[in-house]
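Participant: In case you want the letters, here they are:
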Amino acid sequence: MSFLRNCWYVAAWSKEVVGEQLLGRRILNEPIVLRRLQSGEAVALQGRCPHRFAPLHMGKIVNDDIQCPYHGLRFSAEGACTFNPQAPEGPTPKSLQIKRYPLLEKYGALWIWMGEPKRADPALLPAYDFLEDERLARIEGYIYSKANYELMTDNILDLGHVDFLHETSLGCEATARAKTIVAVNGNTVRCDRWMANDFQGPLTSVLFERVGQRVDAWLDVQWDAPALMTLIFGMTDVGGARETGLETLNVHFMTPETETTTHYFWAGTRSFRTDDHELSAQMLEGGTAAFTLEDKPMIEAQQAMMGTTDLFSLKPIMLAGDAAPVHARRTLARLIEAEQATG
Amino acid sequence: MSFLRNCWYVAAWSKEVVGEQLLGRRILNEPIVLRRLQSGEAVALQGRCPHRFAPLHMGKIVNDDIQCPYHGLRFSAEGACTFNPQAPEGPTPKSLQIKRYPLLEKYGALWIWMGEPKRADPALLPAYDFLEDERLARIEGYIYSKANYELMTDNILDLGHVDFLHETSLGCEATARAKTIVAVNGNTVRCDRWMANDFQGPLTSVLFERVGQRVDAWLDVQWDAPALMTLIFGMTDVGGARETGLETLNVHFMTPETETTTHYFWAGTRSFRTDDHELSAQMLEGGTAAFTLEDKPMIEAQQAMMGTTDLFSLKPIMLAGDAAPVHARRTLARLIEAEQATG
Amino acid sequence: MSFLRNCWYVAAWSKEVVGEQLLGRRILNEPIVLRRLQSGEAVALQGRCPHRFAPLHMGKIVNDDIQCPYHGLRFSAEGACTFNPQAPEGPTPKSLQIKRYPLLEKYGALWIWMGEPKRADPALLPAYDFLEDERLARIEGYIYSKANYELMTDNILDLGHVDFLHETSLGCEATARAKTIVAVNGNTVRCDRWMANDFQGPLTSVLFERVGQRVDAWLDVQWDAPALMTLIFGMTDVGGARETGLETLNVHFMTPETETTTHYFWAGTRSFRTDDHELSAQMLEGGTAAFTLEDKPMIEAQQAMMGTTDLFSLKPIMLAGDAAPVHARRTLARLIEAEQATG
Numbered sequence: 032m033s034f035l036r037n038c039w040y041v042a043a044w045s046k047e048v049v050g051e052q053l054l055g056r057r058i059l060n061e062p063i064v065l066r067r068l069q070s071g072e073a074v075a076l077q078g079r080c081p082h083r084f085a086p087l088h089m090g091k092i093v094n095d096d097i098q099c100p101y102h103g104l105r106f107s108a109e110g111a112c113t114f115n116p117q118a119p120e121g122p123t124p125k126s127l128q129i130k131r132y133p134l135l136e137k138y139g140a141l142w143i144w145m146g147e148p149k150r151a152d153p154a155l156l157p158a159y160d161f162l163e164d165e166r167l168a169r170i171e172g173y174i175y176s177k178a179n180y181e182l183m184t185d186n187i188l189d190l191g192h193v194d195f196l197h198e199t200s201l202g203c204e205a206t207a208r209a210k211t212i213v214a215v216n217g218n219t220v221r222c223d224r225w226m227a228n229d230f231q232g233p234l235t236s237v238l239f240e241r242v243g244q245r246v247d248a249w250l251d252v253q254w255d256a257p258a259l260m261t262l263i264f265g266m267t268d269v270g271g272a273r274e275t276g277l278e279t280l281n282v283h284f285m286t287p288e289t290e291t292t293t294h295y296f297w298a299g300t301r302s303f304r305t306d307d308h309e310l311s312a313q314m315l316e317g318g319t320a321a322f323t324l325e326d327k328p329m330i331e332a333q334q335a336m337m338g339t340t341d342l343f344s345l346k347p348i349m350l351a352g353d354a355a356p357v358h359a360r361r362t363l364a365r366l367i368e369a370e371q372a373t374g
Numbered sequence: 032m033s034f035l036r037n038c039w040y041v042a043a044w045s046k047e048v049v050g051e052q053l054l055g056r057r058i059l060n061e062p063i064v065l066r067r068l069q070s071g072e073a074v075a076l077q078g079r080c081p082h083r084f085a086p087l088h089m090g091k092i093v094n095d096d097i098q099c100p101y102h103g104l105r106f107s108a109e110g111a112c113t114f115n116p117q118a119p120e121g122p123t124p125k126s127l128q129i130k131r132y133p134l135l136e137k138y139g140a141l142w143i144w145m146g147e148p149k150r151a152d153p154a155l156l157p158a159y160d161f162l163e164d165e166r167l168a169r170i171e172g173y174i175y176s177k178a179n180y181e182l183m184t185d186n187i188l189d190l191g192h193v194d195f196l197h198e199t200s201l202g203c204e205a206t207a208r209a210k211t212i213v214a215v216n217g218n219t220v221r222c223d224r225w226m227a228n229d230f231q232g233p234l235t236s237v238l239f240e241r242v243g244q245r246v247d248a249w250l251d252v253q254w255d256a257p258a259l260m261t262l263i264f265g266m267t268d269v270g271g272a273r274e275t276g277l278e279t280l281n282v283h284f285m286t287p288e289t290e291t292t293t294h295y296f297w298a299g300t301r302s303f304r305t306d307d308h309e310l311s312a313q314m315l316e317g318g319t320a321a322f323t324l325e326d327k328p329m330i331e332a333q334q335a336m337m338g339t340t341d342l343f344s345l346k347p348i349m350l351a352g353d354a355a356p357v358h359a360r361r362t363l364a365r366l367i368e369a370e371q372a373t374g
Numbered sequence: 032m033s034f035l036r037n038c039w040y041v042a043a044w045s046k047e048v049v050g051e052q053l054l055g056r057r058i059l060n061e062p063i064v065l066r067r068l069q070s071g072e073a074v075a076l077q078g079r080c081p082h083r084f085a086p087l088h089m090g091k092i093v094n095d096d097i098q099c100p101y102h103g104l105r106f107s108a109e110g111a112c113t114f115n116p117q118a119p120e121g122p123t124p125k126s127l128q129i130k131r132y133p134l135l136e137k138y139g140a141l142w143i144w145m146g147e148p149k150r151a152d153p154a155l156l157p158a159y160d161f162l163e164d165e166r167l168a169r170i171e172g173y174i175y176s177k178a179n180y181e182l183m184t185d186n187i188l189d190l191g192h193v194d195f196l197h198e199t200s201l202g203c204e205a206t207a208r209a210k211t212i213v214a215v216n217g218n219t220v221r222c223d224r225w226m227a228n229d230f231q232g233p234l235t236s237v238l239f240e241r242v243g244q245r246v247d248a249w250l251d252v253q254w255d256a257p258a259l260m261t262l263i264f265g266m267t268d269v270g271g272a273r274e275t276g277l278e279t280l281n282v283h284f285m286t287p288e289t290e291t292t293t294h295y296f297w298a299g300t301r302s303f304r305t306d307d308h309e310l311s312a313q314m315l316e317g318g319t320a321a322f323t324l325e326d327k328p329m330i331e332a333q334q335a336m337m338g339t340t341d342l343f344s345l346k347p348i349m350l351a352g353d354a355a356p357v358h359a360r361r362t363l364a365r366l367i368e369a370e371q372a373t374g
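Residue numbers (my numbering), protein chains in the order written: chain C, 32 to 374; chain Z, 32 to 374; chain Y, 32 to 374.
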C-alpha cells in the first residue's frame, strides 16, 4: 500500500507540542519527533538517531537542540549534528544529519510534508480559516484508531450511518430523508445533505435549542486529499434563509500512522454562545464520546473483519451513500498513482 | 490446513442463543452470527455485512430481522436484505444477500453446516439421544482454547493422560492397568477401557459413592468426524453385570475457530441422583476445573511448543495410547482429502 | 540469523535451579528444562517431550527423573526414557530419548553448550575466577529483555552512553574525557578507559566514598564470544598506583532466547566493605534500577525502531565509541561463519 506523500498531513495539534517537550509520532510509517524552538517555532525531525537508532523523543532539549537519549548526539532544528560527545573538539561529520520535514503551523495544527521538501508549498494546504477565527468558540480532540485512514474518511463521507451507529446521540430519520448532492470538483469531493422541515437528532436539537421542533437543516461534507475533511452542520427555521440560522463548522483530519492505524484529529467551531464554556465542555465531551465509543469500535471492528486494507478487493456491495466515499477513494488512488509515476 | 466442511459442527449450545441477543462466533475461520427468530427458530447467517463488512452481531433485531449496526441494512432469516435505509422505497438488490448456513437444533445444541447447503442432511448427525433424554440430569460447558482441535480430540481419545494431568482429581493407576480395545468401524473410532477389580480416582469414587472400594469400571470413548466424541464412564460391583452399575454419558464436541483456536463444548448426563442439584453443581464445577485448569493449559502449551498444527511433521514418538488418536487423525485426513477431490 | 553454537552460554544462575523445581527456559530458540539431581548435579535437557511435545518443565521429579506432565513418561538425567506408563512391563524404545545438553556449573552459573556435545570443553569457558572468590562480596541479577543480544553487548562495549542514559546515576563528564584504548587480541575485544584527575558519577562516588573529590579512575571492558563480558571499575588517589585503589569486578552475560529477546545475567563483586550487607543491597538495587529503568527501555526501543536484527543493513553512522562494538560484532560474525563452514 502506498500513501500520498507530496501533501500536508496533520502531525499534531499545536497545543500538543509545548515547552521543551518532545513528541514522538509515527506518520506514514516513519518515526518523527516534534518540538518547539525557544523562538516558538515548531520543528519536525526524523525520529530516530542515525547512529544507533535510539528514539529521539526519549531525549531532551539542550541549548535549543535535541540531545539523543542514548549517546548524547545533539541535533539542531535543521537536523545537523551540532555536538558529538565522542569527538567534542572535532567537526561533526556531514553524514550525521537527520532529516528535517517541512512543517507548517496553521489553523492550530502542525502540518507535516512527507514528500519532497522542495515541493512543500503552503499554498497547497486547503483553507480552514474558521479554525483560527477568534470570534468563534473552538473545541478539538485527538483519537488513535486501529483502522486504515480511508475507512475513517468513508465514515464521514457517508453520514448515512448516523441514524444507526449514533442512534441515541445524533441519529434522526431526517438524515435518510435528506436531499443529498454529491459533487466532484477537481480533487475535491462534496456530499451535501438538505433536510427540510424535519426533526433533528437528540444532541444537535439541544445544541441548537430546537428540541421537538421542525427545522430546515444542512449537513455538508467536503473531502480533500489525502484525508482532510470539513463538516458543516446547521439549522434554521422552516423556510428561513440559511444565513439566518446557526452552524457548527467542523474538521476531521486523518493522518496514517501505518496502513492499519490512524491519527484522527477533529475540531469544531461555533459562532453562537461563544462565551459559554460549559457548552464547549459538553460539546467536547459529546464529540469525544461519539467518536470514541461509537465510531472507533465500529471502524476498528470493520478493519478486523476485512483483514486487508484494500476495500475493493473484497467486492463490497455499493449503496447510494457510497458515491462520495468511492469518488474520494478513486481521486486519492489517482493522485498516488500520478505521484509514483513521476517520482 | 483444511477443514472438513460437509459435516455438522456445534456452533453454540442452545442456551447461548436467547431472546433478541446476537451471538458472533468465528467458525472454520468464517464469521457467523447466530440468533433466534420470534418463532424460536435459531438461524446462522454470515457474520459480516456485504456492504462495509461491519460485524452483524454488533447490530440488533428489528422486526425479526438483523439490522446492521453501521448503516442499518436489515437482513431476514433467509439472508435477504429486507430494508435499505438509503433507498427505502426501491427494491433491494439481489446482491445484497448474506449467506445463510444450514442450522439444526438438536441435543440442546445448534449444529451448523459449513459446506454445500444442499448436502446438509440431518441424518448425517450422529445420535446423541441421551443428551435430550429428560429422565437424565445434564450439565454442560463451553471453553475457548488456543489450540488446534485435533490436539483436543487426541486428548480425549488417549485417556492415558488422566493419571498424570488429572492426578488429584480423576487419576488412578487403574487407567494404565486397563484392558484397552481400539476399534475402527467405518469412520468411527472407539477406544474402550475395562478396569476390573480396581480402585478408581478421587472424584469419580465420590460421585459413584465407591470411595475406597474395588469396582469393575469402564471408560468408553467414541470419535466421529470431524471432532465429535462420546465418553461413557461407569462402574459396578466387582463381577457385577455392567447393567447393574451406574454410568455418566458425556460428550466432547470440538469446533475449530481457526487452525490454532477451538470452541470446546462439553456436556455430561447421569441417570442416578438426577434430582440432586447440588451434585450437578459439583460435577459442573469439577468438570470445568479439570478442563480449564488441567487440560486447557497443557494443550495450549503443547500447541505453543509445536509451533505448527501438523503433528506428524514433527515426527512424534508413538506410544500404545496413540493408536486411537492416530486412527481418528487418519480418518479425518482421508475424509478431507476425499471432500476436496470431489469439490 | 544464526547463533554461535559451539560455545558456553549462561543458562541460569546456579541459585535459580534448586531442589526439585524445574526451570523451563528457551535458549537459541530451543526449549530447555533445567533441574538438579538428588546429588546436587545440575542437568539440562530438551524441554519438550518427544511424544506429544508437552513442556517438561510443567512436570515433576519422580525418583530423581523428570516425569512428563501429560502422559507420565519419565526421563533420566541422561535423557533416556526410564518409564512408560503405557507399557510399564516392556522395554522403553530407544527412540524415546531426549537430548541432554552439556552443562557446566562454574562461577555460580549453569553454562550450557548448544553445539556438538563432543566438542563441549570446559577449558573453552573464559576465566571469571573473581566470581567464586569467597573473599569478595557478590551481587547478581537476571533481566529479560526484548532486544537482540548484540545490541546489549554493544551497550556495554560503548560506555559513552553512561553520561546520557545514566545521567543521574552513573553519568559524569569524565567518561567522555577518558583516554580510551580499544584492543583486539584473538577473539577477545577490550575497551579500556582511563580517567585521570577527574570527578566520577554520583553513585560510584558514593560507593567509593569519593564524593566531590578528584580521582584517577578506570573502566575496563572485555568481550569474549558469544556475549560474555567483564567490566572493571575502580578509582584511586590522583597519581596513586592502581593497586592502591578500590575496584568492582562485574560481569554481563547475554544469552539469546530468540533473535529479538535475551536473557541478561549480570553480577558484581567488590573487595572492600565485604561484610556490609546493606551496601550490597544498595548496589543490587542500584544496578537493577539502572539496567531495568535506563538500559532496558532504551535498548528495547532501539530494537523496535530498527525493526530488524541486522544493524549493518541499516547503515548506522559510526562514532569513535563504536570501534569496540564493531570489532566484537565482526569477531562473532567470523566465528559463526567459520562454524557453519565446517559444520
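In short, the hints are calculated from the structure, not lab data. Each hint should be verified, as a subset may be incorrect.
Non-contacting residues of chain Y with respect to chain Z, defined by C-beta distances greater than 10 Å in every case (computed) [said to hold, decoys possible]:
(1) E51
(2) S70
(3) L104
(4) H308
(5) V357
According to the in silico footprint, chain C covers these stretches of chain Z (three or more CB under 8 Å from chain C) [as the list claims (entries may be wrong)]:
(6) 99 to 109
(7) 115 to 121
Chain C side only, calculated, beta carbon under 8 Å to chain Z, not exhaustive [what the hints assert, rightly or not]:
(8) H192
(9) D194
(10) M336
(11) M337
(12) L350
Predicted, not measured: the structure shown is a model, and the values here were computed from it. Cβ coordinates follow ideal geometry from the N, Cα and C atoms, glycine included.
Participant: Taking each numbered hint in turn, which are not upheld by the structure, reported in ascending numerical order?
Facilitator: Checked against the structure, the only hint that fails is number 3, while the rest are satisfied.
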